[in-house]
Amino acid sequence: MAPHEAGRAEGRPDDVYAAPLSGRPLPRYRMPDREADPRVAYALVRDELSLDGDSSQNLATFCTTWADEEARRLMAENLDKNMIDKDEYPQTAEIESRCVRILADLWNSPDPRNTVGCSTTGSSEAAMLAGLALKWRWRERCRAAGADASRPNLVCGPVQICWEKFARYFDVELRRVPLEQGETGLRPHRLRAHVDENTIGVVGILGVTYTCDYEPIAGLAAELDAIQRDTGVDVPLHVDAASGGFVAPFCQTGLEWDFRLERVASINASGHKYGLAPLGVGWAVWRTADLLPEDLVFRVDYLGGDMPTFALNFSRPGGEVITQYYDFVRLGREGYRKIQQRCLDTAAALAEEISGMGPFTLLYPGSGALPAVSYTLADPEAGFTLYDLSDRLRTRGWQVPAYPLPPDRDRTVVQRVLIRHGISADKAALLAEDMRRSLQELSSGARGGGDRIGFHH
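For the sequence shown, my numbering begins at 1 and goes up steadily by one.
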């Protein structure tokens, strides 16, 4: 008997890298005919994944990249739960409802125990659901008044691409207000030129994706109030708080952006960004229950139960919602405040470092809104571009995006660094050191791969 056959006969498995599966490339186009040792399959797939970037060095993403062991255990233990099946998993459904009520209270709903909301796969789905509610309510008003309901529009500034998808998928004209010089988001004085009787809503952003500052939500609400007084056109305000919805309530408590403003009809947020939950959960909450049209809620007889559902998909794992609730229970308001304030402090310190390097002009200095820094080159003739700097930083593993601002400021290229849970002051200091080193290399003639957009979040 050959030695390797004897080893298997005695119950000792092959070494992972001596097993048959490791002797050829993994399948690209066709499922294998035979099963494989799970140890070997796991090791080889894991090896491929090691070619991905280090998520902790991905300073482009808003998404959670750190979780404690208890969160990981809850995710693993609830891997098999389809949270859409509320009849089979009633306690998971109860936990989802608790999260909605907690968020309604956090965002100052006038009646948090009786408002409505839902979990989603992320803030993009939540935004689309909120957009649908705006469209349905506008259409109901048009029909009641005998008006044409065929040309809805939505007014916004530099929104994330999910709003472009909403407009295209659900046949709504997206009136995206161009940026004026010096602007980074939608401003109240720009609304009147774009809002009319066919406007289903205005989207204000609490954490502009491009620069990370906040749009003036209270100012937008006040201008919409004035437009109604002057013209009779009543336009609701939706707040896309994908990131800021889990920062402002803890660190900018005096800022009025939420349901304290009567004009705000709904809010979406991402649990898996500054909400600190694992990837795969977002939230949509309405100011009052009547703002979510009943026609959008399906009541499904599913597995023996009557189940109301408002979602774009039907099967979804319950672990992310459960872990979001775990975060609420474990951290409380004080824990969230400590984490987000530490991130803000780190961002402000990094902004000071970047400002002192010389060639940059800060667009957002890391305080007052999201924990982040955004900047542009002070001198367009510096001899290198921010795309070049992105490439140099990538040699050390850092993923720092460079991209143009939206129209009409799209000739301005910026970089953005996000500080989130797990990005320590030490890691930010290491980034600053590598930025200085990269600037020295670029000033000596080193170049990257040329202009390309490195912004995907």
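In case anyone wonders, no lab produced these hints; they're calculated from the structure. A couple of the hints might just be wrong.
[Stated by the list, open to error] FRET-style restraints, in silico, Cβ to Cβ: (1) 230 / 329: 46 to 56 Å; (2) 334 / 149: 29 to 39 Å; (3) 13 / 440: 31 to 41 Å; (4) 312 / 149: 18 to 28 Å; (5) 108 / 56: 47 to 57 Å; (6) 228 / 45: 25 to 35 Å; (7) 338 / 196: 40 to 50 Å; (8) 381 / 335: 25 to 35 Å; (9) 45 / 108: 30 to 40 Å; (10) 433 / 171: 45 to 55 Å.
None of the values given here were measured: they were computed from a predicted structure. The beta carbon of each residue, even a glycine, is placed where N, CA and C say it ideally should be.
Taking the hints in turn, this is what the structure says about them:
no.	hint	result
1	230 / 329: 46 to 56 Å	47 Å, holds
2	334 / 149: 29 to 39 Å	48 Å, violated
3	13 / 440: 31 to 41 Å	51 Å, violated
4	312 / 149: 18 to 28 Å	22 Å, holds
5	108 / 56: 47 to 57 Å	34 Å, violated
6	228 / 45: 25 to 35 Å	57 Å, violated
7	338 / 196: 40 to 50 Å	46 Å, holds
8	381 / 335: 25 to 35 Å	47 Å, violated
9	45 / 108: 30 to 40 Å	46 Å, violated
10	433 / 171: 45 to 55 Å	51 Å, holds
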